[in-house]
Every structure is written in structure tokens, then in C-alpha cells.
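Engineer: Starting from the known structure of chain A, fit chains B and C onto it as the hints suggest.
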Amino acid sequence: MAAPESTAAAARARSVADAFLRRRDDARLVEAGFWLVALAVPIALPEHAAFGGQVLIMMLFALSLDFVLGYAGVLTLGHAAYFGVGAYVSGLLSAKLGWHEPLSGLVAAGAVSAAFGALSGWLLLRYRDLTLLMLTLAVSTTLFELANTWSSLTGGYDGLMGIQIAPIFGVFEWDIAGVTGYGYVLAVLLLCFVALRRFTVSPFGQALRGIRENTLRMRAIGAPILGHLTLAYTIAAAVAGIAGGLFAQTNNFITMDVLSFERSAAVLTVLILGGTGRLYGALFGALVYMLAADWLAKLSPVYWEFGVGLLLVVIVLLCPDGLLGLYDRVRAAFGGRAR
Amino acid sequence: MEHAVQAAVSILFDGIAYSMVLFVMAVGLSVTMGLMGVINLAHGAFAMAGGYLTVTFLGNLGLPFLPGLVLAVLAVGAASIPIEHTLYVRIYNRPHLDQVLLTIGVTLMAIAVATYAYGPSPLSIKLPAFLETQVGVFGRDFPAYRAFIIGVGVLAFLALWAGFERTMLGAKIRAAVDNRAMAEAAGVNTTRLFTLTFALGSALAALGGALAVDLVGLTPRFALQYLVLVLIVVSIGGFGTIMGAFAASLMIGVIDNAGRYLYPEGSAFFIYLVVILVLVVRPGGLFGRA
Amino acid sequence: MRKRSTSWIMPLALLAIGAGAPQAAADTVKVGVILPFSGMAADVAQSELRAMKLYYKLHKAELGGNDITLIERDSKEPSGATAQTLTRELVVQDKVDMLVGYQFSPDAIASAPFITQAKKLAILVNAQSSYIPKLSPYIVRLSASSWQITYPMGPYAVDKLGCKTAIVGYTDFAPGRDVAAAFKAGYEKAGGKLVDSIAMGGPAQVPDFTPYLQRIKDEKPNCVYIFTPAASFNAALARTWRDQKLAEAGIRFLGTGDVTQDSVLPQLGDNAIGWITGGHYTADLNTPENKKFVAAWYKEYGDKVKPDFFTVQGYDAMAAVFHVVKTLKGKIDADKAVAALKGWKVNSPRGPIMIDAETRDIIQNIYVQKVVKKGDSLGIEVIDTIPAVKDPCKELGVGNCGAGSPAKK
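Residue numbers (this note's numbering), protein chains in the order written: chain A, 1 to 339; chain B, 1 to 290; chain C, 1 to 409.
Please note: incorrect hints may appear among the correct ones.
[Claimed, not checked] Here are the computed distance ranges between Cβ atoms for each label pair:
hint, chain 1, residue 1, chain 2, residue 2, range
1, A, Ile221, B, Val281, 44 to 54 Å
2, A, Pro167, C, Gly399, 30 to 40 Å
3, C, Gly399, B, Leu74, 49 to 59 Å
4, C, Leu396, B, Leu74, 45 to 55 Å
5, B, Gly163, A, Leu190, 58 to 68 Å
6, A, Gly227, B, Ile83, 19 to 29 Å
7, A, Leu291, B, Ile276, 36 to 46 Å
8, A, Arg219, C, Gln117, 49 to 59 Å
9, B, Asn179, A, Ile221, 43 to 53 Å
10, B, Val281, C, Lys374, 38 to 48 Å
11, A, Arg219, B, Leu169, 36 to 46 Å
12, B, Asn179, A, Arg219, 17 to 27 Å
13, A, Phe199, C, Tyr301, 50 to 60 Å
[Stated by the list, open to error] In silico DSSO-like links for lysine-lysine, alpha-carbon gap of 30 Å or less:
hint, chain 1, residue 1, chain 2, residue 2
14, C, Lys53, A, Lys298
15, C, Lys57, A, Lys298
16, C, Lys30, C, Lys292
17, B, Lys126, C, Lys374
18, C, Lys57, B, Lys126
19, C, Lys331, C, Lys291
20, C, Lys342, C, Lys119
[Claimed, not checked] Covered, in the sense of this in silico footprint (three residues per stretch, anywhere, with C-beta under 8 Å from a C-beta of chain B), are these stretches of chain A:
hint, region
21, 130-137
22, 140-151
23, 177-188
In short, the hints are calculated from the structure, not lab data. Glycine is no exception: its CB is placed at the ideal position from the N, C-alpha and C atoms.
Next comes chain A alone, as it looks inside the complex:
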């Protein structure tokens, strides 16, 4: 083989690769549309701002899962663990330690979840498939039971009350309609989205996709699988923790529900609804899921779970790439360029 290329040539090659990735995944004008609509909601529909805020939080939570599931290919039944850790961290900071500042509370939530994600990821990600699945479930159920046992700290089933959040930047008061909360969550969502986006277009993101598609080959080229997966898992845990922190701050109240299996299952449902491996899938999936659940609950309070179950079965059988996958296929059928 020829001698190793000069560093200049290698650098050129790398920049070409980077440019390709960026062009392929660059932001499009149509995306701006989504964010503009999101911004308009509290202005056009102020009575629904509180609900809108919860939808945005679910979007953030789903984004975090998409990063680890859609990009790194790790299927987890216990992602709520990190959401819950973040929620309890920011909740306890306010309720027990009297620290009411929201932004620092959020940073703390993300940091602790990240640490927990790093630890559990490093331990669990050595295993694959069904073993990994069961371990993720075991971790979140253990945390759930822990929260119950330490009910003097967490409030257990009665919940953690006394969460009071100071106005944002000392200026924006929290109103009952939830408009302040909405703006706050939207800003955080946008920031996290941009950050995750950067990760996915970077070489790291490529490596993750490689691990998801073909672990053997990645191992063959010497990619640090466990290291990459753990890093991805940590990032996802951090974002999930931030979503949990937002949940605690906007609701002023949390219970062990934040760590439940139902919550992990809901966010998985959101992803399959929207489509995995493309960040907007998480966003659309969350929107559709929350709207459908809300509408079904109002329509028939007793039997809405039949609707959700049926939705799941239909989605899995008919459009497993989710709604955005369906959209792609429709566009391709009409001669548009496939992604």
C-alpha cells in the first residue's frame, strides 16, 4: 500500500467529509416553519399554553430517546429513569434546599442525570439485545422502588410538594395560563435541539449510526464501541434529565410517576409514531401523541387506552417508520428526492 497520507491531505479529506455531512443534514427553510408555529402558539391560543408546554417537554424527552435509540440503536425500556432523576433533582433543590432559581436548577438536573447515565451506561451497554433490555427495565424499576422507600425525602406516592420556582431571570413571573412556562420550555427545547443536531451531523454521530447498522464492522475498524455508546447514552440522559427538570418546574409537583414504566412506554410510543433516527420524528410524534391522548381522553374517558393500543398496533404494522417515514414515502412516490 502507499505510504500514509500527509496530514494536509488527511485534513482536506476530513473537511470534505464534514462538508458532505453538513450539507446532507443542514437546516432547511421548512424547519423554520415548525419553530415559527411553535412560537405562535402562546399568542394565538393562550388558553392552551399550559398544555402546549407539556407537549414541548414530551418533545424534549422524545428527542433524548431518539438520540440513543434512533441514532445509536440502543433499545431501552427504562428511559424514564433519567427523566425522573432530573425531575427529582430540580424538585428537591427547590422543595428541600430552598433553591428556587430555575436555570441553575435545570443545569443541576441535567448534570446529575448525565452522571447517572454515564455510570449506568458504562455498566449496562456491554450487553446487547434482550439482556440489555431487561437491565434497563430493572434500573428504572429499582429507582421507582427507591423513590417509594425514601418517601420521607421524595414524598413517595403523595408526591413532592412545595416546589416553588422564582421568576425567570428575576423578571418573568409564572402565570396560571402557563405562557411564561411555555416560552421557557420552548427556549430550552430549541437550545437542546440545536446541540443534538450538531452531535448527529458530527463524525461522532456518524460513528453512532455505524454502530447501529453494523457493530461488527465498526469493531473491525477499531471504533471504541462502548465508549461511543456510553457517551451517547450520557448525552441522552442529560437531555432527558433536563426534560424532567422542566416537568418539575412547570408543574410544581411530581410523584414517582416520573420514573414509571408507563412513562418509558409512552416515550417509545411517541418515537415509533413519529419515526426514529430523525430528530423531527420525535417532535412530530410527541405532538400527535399528546393531542391524540388528550382528545381520546375527552371523547371517552374510560376507554382511551384502547385507542392508544390500537394506534400502536396499526403504526407498527402499517408504517413502522412512523409518520415522517410515511411522509417520505409519499413524497418519493410523487417524484420528490428521497432522503
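Structural biologist: The following block gives chains B and C in isolation, referenced to the frame of chain A:
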């Protein structure tokens, strides 16, 4: 001292009874997950169906206990065949995520149907007189129903084990679990095998559910509540092994029972810690092939 | 199948015939109903809603020119998150005049700050954690508090039932721990010796009660006082009580009214005969008010399901709504509404009840009930009455019921 021994014997006996219910519910899932590699989170729904059908046969139709029980089990087993043909075949080769979500969807629908048909209140069955008495074993009295459950569980284990190890069908199943392609090449009709195994697994789940009714009561949420426990048994025991399911159920049932006697407040955790410990030491489960 | 409640607008023509009806358009008071119509407590929620509708049907003539519309929403899971969202939505979107419901304590706890912020009367149909009325000045409770039901049974057990030693068993979540603390306080104050306090599994799923009952049997107390939250638990408990032969071991069974709630009594079977519980209502209560109520209930909804304490809580909640609407003549202002309910007395099917002006909690009788065989089925015999019990938790200032807002603790 004698007192402590007596208490220990009671805990052991009851733990084993509880384990047997878990075993019967979980063994079907262990075999289907090992054989077909499909994550079936709707397994709890089949158990629940067994429970509800038993309630109907014994209560509304007034059948005697054993015939009603057997009928309910056979009915669920039979009903699972068309479900397997229409729904499950489509997800055998799909990614795990799809399987998880489809089967969760099925479970949710089953819960809603049960709520609609039977209402959300808990239901119970009337046990026959001979099971409401006490039975003398080694000079001590034990509740007859729990002794019955232990009997059924052990019988099921022996029958399954003999079936798997000693019959031609069992050999085919074992071969298909080890290597489906090779088994097909050797002339085994794996499609039919899958259906048969699925039906058997579902029937066993129904048996477990029916037995559990008098133990812990039956509500539509049964399907989800016992799912986690069953998944734990299956993953600790190893997929695709009867011995594994049996050993894991014994372990979980006895530890859980003892934990609740000795440390009522903290007992819930023990199970999950055991899961983490076992899986970290032996990722394939106690008797699985890693 | 639940459907959205339609508005019951009475024709004005009828009113014109009545004396002194106001000429202006009738005020329709919008009441938001937040109850868990799906999930584990669905049948309880349905029972409470039916009771509310029954009260409306029987008393709507008293409303004069006004009317009441119920806007029902499903609060789903017991964590309180949905209840809280619904509270905000009902206030902001549907513009309700008052709120009724809150089945689980977290539902009320989570919603309290918004109830205060929105300035709306909130009537609790269940939510029995003792300190809840302290969380907002607009909360009025029409159900019961866990301390109110449990604490008086302590001295009763010592003085009237000969329980020198006792064990308390409870489902391990906040209401259960509440009950354990209440029983311990009342029982030990009366001179009883509490031998053990046993957490019997969590509320998410019915446990196998055997190890807990085995432990009780081994410790040989005179009596045991048990709280389990729902029908499925009670039935399993009764079965295990029979299997473990605790009655033969000479241990007397005591419990909260939940354990022998009328709607579930048939399922307990003969194993429960002789059980004694303390509660604020039983369908077998022998008063004229109650007999009328039970007859009306059977007439409207059939006699397959007996009304139980949840039912009567819903019924009385609607009575409270009616009182507010009648007193304020349809113009609902939260402060005036709360003032109207403070000190309000009525002869409910459960006996005389009153809303404590200081705490906005309910004052009611606690009945000592014994499970007996009535013909072919089981029934309740009231063997004693502890009259006009105020919530002891707030009276004694224990824990979260103590001075200051519990939110700050």
C-alpha cells in the same frame, strides 16, 4: 427456635406456591422468546384472559372447578392460534422496538376490552370445598389451595421437561431454538412449530392467570402488573429453557416472600437487585446460552 | 361508555309559574368534575358521579332560577399530574365557577396552588390525606380524613375491645403510612401496646398477603388494625386471613372502613364475619335519611351494587354545591362560596355532618361496624357510634398538619 423453624417452613411453602404460579405464567414466554426470538409483552394479557374466562366459566356458567379451569386454558390456547397467524407472524423478523410496541398495544387493547366486558372492579372465583380446607403435610397444616398450586406447578414442570427432553417434538423445538436455519434444513417445519409452541405458551400463561385469581385477585390491570415479574423470571432464568424458568421462579418467589416477611418496607427492591446481580454475572440468565 | 355531560337547561316557562323567580336569564353554574374515570378507581369515580347526578335529579327544583352543568374530565393516573393540568384547563379554557372531585390525595395536593391562584372553590370528593385543606383557602372537604377515621379506633380498641396489644398493617404508601401513624397515636395514648407496624406491599399491585399475616400470627397480638386501599386488596386479604387461620389463633381483626366497604363486602366471603371496622358510612346504617337515600339509589341504578362511602361522598359533595348555588343565587364568588360552606350543617345519609369553619374539613360520626351474616349475604351491624369527630391530625398539629403551610416543610 421451634417457632423460627415453623415460620421458615411456612414462608418456604408459601413462597413455593407463589413461585409455581410465576413458573406456569412465565415458562411459555421463556420458550417463545427463546424459540422465536420475539419479545411478547402481551403474554400478561393471555394470563389475564385465562383468569377472566375462568371467572366466567365458574361463575356465570356454573361449571365445576377443574373442568372450568381446563376449558378456560384450552380456550385461550386455541384463540391464540389465529392471533399468532394474523399478528405475530408479521413481527417475527422485525426489530425489537416494533415487537415491544406492537405487543404493548395488544396488551392495552386487551385491558380496555376486559374493562368493558367485566368492569374495572376486582373479581374472584369460588373455590370448591375440597380446596378450601387444610392439608396435612409432614405433620403441619397447609392451605389446600396452595398445595394444589404447588402440585399443578410441579406436574407442569415434569410434563414439560419430559416433553422437551424425551419426545420428538421436544427435540425439534430444541433444535429450532438452537439454530432455526439448520433445523429447517433438517426438515423441521418451523412455522408450524412456532404456532404450536405459541399456543402452548399462551395456554400455560392462561393457567397461571387462572390459578392466580384466588391468590391475588383479578382486575384488568393484571396484564401489565404481572408482566414485569414474568419478564424478570424469564430473563433471570434464561430464554428458551424450562429448567431456567423453574429455577428463576423458585428463586424469585421464595426471596420475595422471605423478604416481605423479614423486611416488609424494603422488600420490593430485593427482586430488582437480584435481577441486576444475576444478569451482570450471567448475562444469558442462569441456564441460558449467553 | 362515558359521554360528555350535556347541559340540563330547564325551560324558563316552568320557572315563570313558580313564585318569585328572577326575570333575568337563569344563571347556569359550571362545575368542573375531575375524577379518574379510567384506571384502577374507575368504578369508584363512576359511583361518585352517579351519586352527584342522583342528588341533582332529586333536588333540582330547589335551584330556583339557576342550573348546574357538570363538565367531566378524566384525571387518569393517581400521580396528580393530569388532575393538575385539568384544573388549569377547566379554569382557563372552560371558565368553570367551581371544581369538584380529586379522588387521590396527590390530585388535590398538585392542584392546590392553582386552585388558590385561580380563586375557585374546590370541593374534595375523596382525597383523604389529613393536611390537604391547609394547602389552599378555597379547598373544602366533603369526604373524610384518614386520621379522623383511624385515631378514634385506638382508644376504642383498648377500652371496649380488650386489645391490650396490637399490630397495625397497612399498604405502603402515603395514605397507609398516615393510617399507621394515626392508629399508633390514638392507641398508645389510650394505653395500648403497639407490638409492630407492618408495611404490606405497595399499592400498585395486590401482594400475596401470606408473609405479612404469617408475621402477625407469629407475634401473637390481641388485635390487628389493617388498612388496604381497594377492593381487590380487601378480597385477597380476606382469603389469606382464612388460609392462614388467624381467627383461630385468637387475633381479632380491626380495620378502616375501606376494608369492609359495602360494594365489596360480598366478595370477602364468610371469612370476614366478625371483622370490626371504623368508618364514616355504611349502606346498612339504620337512619331514615339513609334508608331514603339507599332506596332512591336502588330505584335509579338497580340494586346490584350497594352504595358505599364513596357514593355518599359524591352525594354530599353535590349537596354542598347546591348549598353554595342557592346561597349565592347563582353568582359564584369563591370567597363567598367558602364562607357559605364554613359551618354548614346537613343531615346526610351518613348522619349529621358539618364543615368546620376553621379548617374547612368535615366533622362527622365514625361508626364502629361489625360484619355479620344477613340472610344469605353479608351485612354490617353498627355496634357503636363515635359522634362528631374532628380531624385529630390538625387538632393535634401532627407533622404536615402542624403550624404553617406544609408546602414549606
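Engineer: Are any of the numbered hints broken by this structure? If so, which, sorted upward?
Structural biologist: 1, 4, 6, 9, 10, 18, 19, 23
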